[in-house]
Structures are given as C-alpha cells and as structure tokens.
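Protein sequences, first through last, are from chains A, B and C. FYI, the numbering for the first sequence is 1 to 507, going by our numbering. FYI, the numbering for the second sequence is 1 to 173, going by our numbering. FYI, the numbering for the third sequence is 1 to 356, going by our numbering.
If you're looking for bench data, these hints aren't it; they were derived computationally from the structure. It cannot be assumed that every hint is accurate.
What the hints assert, rightly or not - Straight-line alpha carbon distances no greater than 30 Å define the calculated DSBU-like cross-link-like pairs of lysine-lysine that follow:
1) 123(B) to 385(A)
2) 278(C) to 134(A)
3) 253(A) to 290(A)
Predicted, not measured: the structure shown is a model, and the values here were computed from it.
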Amino acid sequence: MIEAFLEGLAQLGQPAAIAAIVAGTIVGVLFGAIPGLGSVIAMAVLLPFTFGWDAYIAMFLFAGIFGTASTGGAIPAILLNTPGTIANVCTTLDGHPMARRGEAGRALGLAAMASGLGTFFSIIVLAMLLPAAKLLILAFGSPEFFWLVILGLVAVTLASRDNLVKGLAAGGVGILLSLIGLSLVFGQVRFALDSEFLYDGLPVVPLVVGFFALSELMVYTSRGGSIATVGEGLSQPGIRQTVGGALEVFRYKRVLLRGSIIGTVLGAVPGVGGAVANFLAYTTAKQASKTPELFGTGYPGGIVASESANDAKDGGILLPTLTFGIPGNVEMVILMGAFVLHGITPGRQLLVHNLDIVWAIILGVIAAQILTTIIVVSGGGFLAKISLIPVRYLAPIVAVVSFLGVYAIRSNPWDILLAVVAGCIGYLMRRAGFPLITFVIGFVLGNTAERSFVQSLQVSEGSYTIFFSSPISIIIIITILIFAGSPLIKYWYERFTAMRKAKLASR
Amino acid sequence: MKNVQPAVLIVNILLLVLAGTIVIASLQYGFRQRIVPLVIGIPTLVMLVAILLSDFSPRLERILAMASLGSLQDALNEDIAASWTRIFVIAGWLVALSISLFVFGFYVTVPIFLVAFFVVEAKTPAVIAVLSSLVISAVLYLVFPYFLGIEIWPGITPKVMHGVFGGGLVPVL
Amino acid sequence: MNTIHERGRLGGTRWWRLLLTTALAVVLGTVIAACGSDEPTATPVPAQPTPTPVPQVQFPEREIEWIVGWPAGGGFDLAARTIGDFMGEELGVDVVVRNHTGAGGRRAVDAVRRGAPDGYTISIMNMPMQLMAEKLDPAGADFEGFEWIGQAVRQENIVTAPKTASFNTPEEVAAAEPRICMPGLAGHNFLVAAVSTEVMDIPWKVVSGFAGGADTRAAMLRGECDISWTVANPQVVASISPEDDFKGLWVYSDERLDWAPDTPTVAELGYPELGGPKLLNSGLVAAPAGTPAAIVKLIEDSFQRALNDPDVVARLREGGMEVLPMSGQATDEAVGGMDSLLTEFTDVVKARQEAQ
C-alpha cells in the first residue's frame, strides 16, 4: 500500500505528469464552465489523444478533467445563473443573487474553496474505505438503491417549500417524461411514438441547457444592463473579495462537513449522480439551518453546501469504479475505457495488480483540485468582471457556445431544436411558478426509480417484502419519513398555533 | 374571478397534455410497465387540474395554498417578469439561431448571427460588429473542431463545401 | 403471414418518419439549393460492373469519416480508432472517428444505409445485434447491398456463474431454474441469452437493468441473480481466474479458449448449432451500397493490411478483442449466416423481451 502510494507520488513529480494535470484541469474547468459541455465530452474527446501515452500520464489527465469540471460549472452558475453542469444547479440559488449584488468574486471564492475542501474530504474517505469497499458494495442491492432514489425524490418536497403543489406537479411531469424511450429493465421502448430520436429517451443535456442556459438568457437579456448592479456601498469585484470569500468557507464548517458527507455517500452509489447529491445537500442544509429564510437570497452557506457536495461526489464515485469496475456515471465509463486502452483491467484485479494506478488517480484528483481552487480564487476577480459586461454582448456568445455543446453530445442536429423548445418552456414554467429544479430532479431520478423497483421485484420473484427486509433499507426509510414529515408537521403546527392565537385575540 | 396569468395557463395546459399523454399511453402496457406511470401520473394530473381550476375558484386557491405551505401568488416569479414583447423578441433570436444552425450549419450561421445581434440588439457600429464576430468565431473554431476534434454540424443544405457547409446527414426523427 | 402483415402496417410509420425528416430537410434546403452549386460527390470513377480494380482511382482526396454508433471509450470505438489510424497513415488522409450515439447503435447502420456512396463514409456495426434490432423493428430495413469491408474485431461469449453455484452443464442449469442477470433486455448479451435459453430449454427468469457487466457480477455475489451471459472482456477473463469468485460454464467459440481451458464449448455440450461466429459480438465494417468497386477495394485492402499489422493486433487484443481478418466477401457470407439464424429466432427474442 505505502509502496504503491510512493510510486504514485513519484510519478506525480514528472514534468509530463504535471503538464497532464495542468492540461486536464484547464480543460475540465473550461468544459465544466460551458453549459452543455462537461467532463463527459472532454474525456471522450481527449481519450483518443492519449493513444500511446504512458498510462500514468493519461490517468493524470483524466483525473484532472473529471475532478474539476463541477468546480468550473460553478462559474456560470454564479455569474449567469446558468449551471455549467447539472451538478451545479443549486449553486445558482445563492451564487447568482450574490453576483447581482456585485459580490461575484466572493461567491466564486466560496465555491472554489468549498469544492476544494469537499474533494479533499471525499478523497480521504475513499482512501480509507478502499479495503472495505467489497463489503459496502455487497450491502447495497437493488431495494436499498430504490429507497435511496426515493429519498432523492422526497427531497423535492423540501426544496419546493412554500410552493409544494407546483413543485410536486413539476417533479411528477419530470418523472413521467423520464420514462420515455428504451427501458433496459423491460427491453421495450415506451412512449416514443415510433421515433428513433426518442429511442434513448429525451436527451438530458439539451433539456437542461434549454431550461437553465437559454431560459436564463431570456431573463437577463430582457432585463438589459449587466448582471451585477454595482451600487453604492457595494465593493467592486476583485481579488480581495475572492480571497475573502474563500476564507469565509471556514465559518460554515457544519454545512461544509454535511455537504461533503452527502456528496461522498451519494457519489459512492452508482447511478445516483452529482445532481442529486448537490440537491440533497442544499435542501438538508436549508432544513438544518437556523435561518432557512436566508437560503436563496445570496447566502454563503448555500454555495458551500452545494459546491462541497458536488465535488465530494468525485471521491465517492471512484469507490465502485476502482474497486469493482462498476462505473458510477458516464465519466467513469470513459475512465474505464481509458484503462482498457492502456492495457489495465478495471475491476477487482486493479487493487491487486495496479494499486499504483489507483494512487495515481487519487493523487491526480487532489493535485488537480488544489490547482483549480488556486486558479479560480486567483482568477476570481477577473472572472467576476464578466458580471459587469453588458449582457447584450454576452448573450449571443452564450447562446452560440451552448448550442455547440448541445450538438457535441451526440452529433444530433435535432437536439439543437429541442434545446430551444426547452428554453421557451423553461422560461414559461419559471414565470408560472413551476420550479425547474424539481422537474430536473424528477427527470434525472424517474426511470432509475422505476428500474430499481422492478429489478427488486425480479430478484424477489414478485414478493414485496424485499423492500423492507434489510437493515439499510429500514434506515433509509426512516430517513425518508423524517425528511418528508418534518416540514409539514412544523408548518401545520405553526399555522395551528397562529390560528389559535388569532382566535383568542379576536375574542 | 381574477385575472388569469397567461403564462400560468399555457404552462398548465402544456404540462397537462404531456402528463396526460403518458398516463393514457401507459394503459396499453403490462402491469409492471404501467405501474410507475400511473402511480406518479394520476396525482400529478390531479394537482395540475387543481392548479388550473384555482384561477377560477378562490376557495380552491385557498386549499392549494394551504397544501403548498405558502401562497400561490408568492410562487409567481416576479423577479424574471419582463414585457412579453421583449421576451418574444429574444425568444425569436434564439429560435432563428437554432433553425439557421440546423439548416445552414455552424460555420455559416455563427458569424452572421453574431454580427446581426451586435448590430441590431447591441447597437454596435457595423465595422466593430463584423470584426468582433469574426474574432469570436475564429476562436470557437480553433478550440472546438480544430484542436479538440469536436464535430461541427454542417447543415442540411446540399453539399457545398465538404464538412463545412451543407451535406449533413439528418438523423431519422 | 403475420409478420408480413406487420411489416406492411408499421412500415408506414417508418415511412412517415423518413418523410418528415426529408421533407423538412428539403423544404428548408431548397432556399439555397438554387444558389449553392452541388459539388460532385466523389472523384469521377467510371462505374465498374465487375469488381476489376482500377489502379488509377483518385481516392482518397479528403478525410474519411468512420461512424461509430457508441460513445468514445468503448471496444468498437477503440477498434475504429486503432485501425483508422493505421489506414489514415497508409492512405495519406485522416480517418476521423465520429461517435454518432443513439438508438442502440442504429445511427451507425443508418450512416451506411443513407450515406453518400463515395467511400468517404464507412461505419462499424455490432453484429448480429444490429441485424436483430432491424428484425425486431417492424419496418424491417435490410442490409442488402452493403459493401462489406471486413471484420474489425469480435468478442467471445461466455456464460459465468458464482463458483458456489451448484450447476455446470446446460441440463443442470435448466433444472436449477436460476435467475439470469442481464444488464438490459436489449443488446448483444440479451440476444445470446434469449437464443441459448430457447435452444437449451432453460426457463426464462430474468433480473435486468444492471449498469454493465461488473454490476451484474456484484449482483451475483449479493445473491440477487445466479447466472450471466456476457462478452468476454478482460474483466470477465479476470473474474473467472482461480483467485476470483466466478466460474465459466461454457463458451460459444469453435474451440476452447486459451484463457479458459477448463470451460467447454457449446459444441462439446451438444449444441453445435450455437457455436462458431454466428452469435459472437462482431464489429463489421461496411460502406454504403453502390460505392464504386475500385474505392471499396482500396479501403478493404488498407483495412486488411491494418489487421495484419502486429501493433494494431496487439492493441486490440489488449482491449479484450479477437482479431480475425475476414475479407469483404467472407463478411458478406457471415452476415448471411447470422441472418438465417436470427430469422429462426426472431419470435423467441421478441417473446423474451415482452415477457416482463
């Protein structure tokens, strides 16, 4: 173990390794920051370039990309209210109001530092759990997975507090739309109207780009001016503000820790993904906070929760990938492709025969994240200046780049038109008070929930007791009940006492 | 009856149609295949119908507000409201851009769109608009297709210049 | 007959889809069609009725696009890139791999079916699965006239189970009625399992929807399912090694595989009709129908030389794929063999899919 660690560390010192990490980081941050593009495309595009490279160097490059993309995604989330990747959705909620107040630098600093610490936390957890990974993976079967997905869906009710009916309705439509297309568990294509375009279901990237990037583009372009309205008493965004923001993270230690834990745990469960980790961390932070009303108004804690979780998932997601060869998400599928390309067999043999590669990836992720944090904090002042550019120059560039990203996903020109339709619908939904976030969470989790539900029944050959027969399931069910019940009880209790008081007063 | 928000009405009907189609279509499938669409779909439809009717019934609106743990009016996002004409103009730019990308491809559309937007919307002098759009386009092309090898859609027009303008194979819908 | 009737009825839907697509394309396109001059699609090669090679053919003059129906990082993507690099160097132009993902790999088939027959578009298809997909689609588009370039790679099939499983032979498996682990009820592994269970009389009890092979192996260790049909990638090979938890039950090759010397072939177990190349996951390469024979010959020759290059072969083997050069002619015949087997089992596969 120590030997392999030292070997990985020694590899990290090579000039080529440093170059690969720097290149990976830059590409990762850049692709993460562009709506539509993400680490998946970055890795897919660069995979062929690594033909014939030393395996270590290639791994450093990929570690740099997938470790940093969600930090990059925070940049447009804060500046343009447009999440760069789907895992940055909740960063917009508090990051963008700060940017509009002229505090973009502070928000970027917060995001970069929270990301860095989240990654650090999860990587340490990963390193400690590597030997015990088999136990964890064997404990987590399809019924447990089903309940975890339900937990994610129940969190929708928390997120749409004050707007529960519309939030749930939007989430429901999201779930329904996610069922379109080929269901692997049934082997049938449902609701697709015989269309080849819908064979794989509605593509998530054009939808998300339309919903967030294009609908927000309509908002700020119609508003005119620049993103930030720098008024009196507001400091100009600059380096000092960014560094201040970065240091401020340490005032939200509990939020940070909770976000990192949620990110790591959800990351380690294959197929749940960063969007859910991000969302759950944000809603839990809001729920646990003494000042929940501050969330959504530009509250630093919101950014810390969101960004620590979506970066902490990177460590978690490596756990099933490195120990069992089970890819936790699409990035990991490509990473495993890269293993094969370089003659490394992913799976359980990896820890036996290629422990040095495992360490190379772990160290690569840490190095890349440190680099990213430094880049974003030091460049934050400069980036924050984007919030001062008149939107009429910004908007057309954002539009063009978003469409480039949408097309690049699978080279399908129909996706361009779909993104525009989604953009218009997204704008109308926001204007009508239907939260897009609950829709997207429903869309991301809907068919996963169905799959694990049916799969559990296949395992048990039709018996429903399988859902309640393991201790882990029971623990998750109790968490769900607490999650779902607490805001309702709290609200109705408050209302009831208020009504009684009012009645007493009127007498 | 109070004044009905057009956005609320349109979105409501749209979501109803989407959800309703899937719920009805699910009836043709077997038990396990329709259970999730129905379990999720029917409550969703009920909620959407209730929201739709709440515009016409103050009483229903009060019930919904209670169930929503807040007021329905508060949920309307005033912050993003702008005049509908302005929104239509911007949406028009986006729709025009996307259709043009589809038909003529990125290489042709992007510089023309940037010039047009800069001149019409941003009121930039023509020379500056042309120069800046050329620079931006060049940077985009250098980064994406040239360095990274990302495919660029050439458009559906008959092939004029290979891989640049026209001749794209449109996937079957 | 029932199938013919269906073909006709739903053939209509495919028709309107295509019509809609092309109509949109044409209507919008006519605008500049008037001013845009249509460049000649390929170098003027005299149409040759016989496959006599024309050595003076001016090909290629620009990059060749190689369409892959799967995302980058997969096995066939690796094959296309490795072979494409070699061919590119030989032919003096870039062979660019395009990942046109979607519809279960059918966009790669589509690229050949609808692409310009000028030799600048070729694609790799995973057979026999794409053939099955077309058969299951009532529109039933065919592979008639494809100019086959050859077989790039192929993967062996193997059936695995936990070492603790009580069954070994197909008869024992049939008696034990195990739950079959399937990543999805679509794709290659499903096809092999559906056909095999029918032939071997194994009850169809399935647990599906896993995220790939490793996930199915984890599920077998958790006891969620008991037996798995899979292509033999390096992970699978490692999983049946003595220090791991799985055993191989049988393979579909003609002879025993050197990495699994103890695992019998289907022929040894009494099912020779399943053996041989028909059910192996093959990456076959084709150009659109009507591509001039001289150009096909040029591409095919370069392709075959790539598959005889030791570096190319070594790299593909590392990726867990067999390299078994096959001429265009032989590939065409192999597709015919797959076709006749699948025709026999189309209804079985369909029934298995709809059993859920």
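Hint check:
Distance check on the hinted pair: residue 123(B) and residue 385(A) sit about 22 Å apart at the alpha-carbon level, within 30 Å; holds. Taken as a hint, the residue 278(C) and residue 134(A) pair is broken in the structure, with Cα atoms around 37 Å apart against an allowance of 30 Å. A C-alpha spacing of about 14 Å is found between residue 253(A) and residue 290(A), which places the hinted pair at or below 30 Å, so the restraint holds.
Checked against the numbered hints given earlier, the structure breaks only hint 2 and satisfies all the rest.
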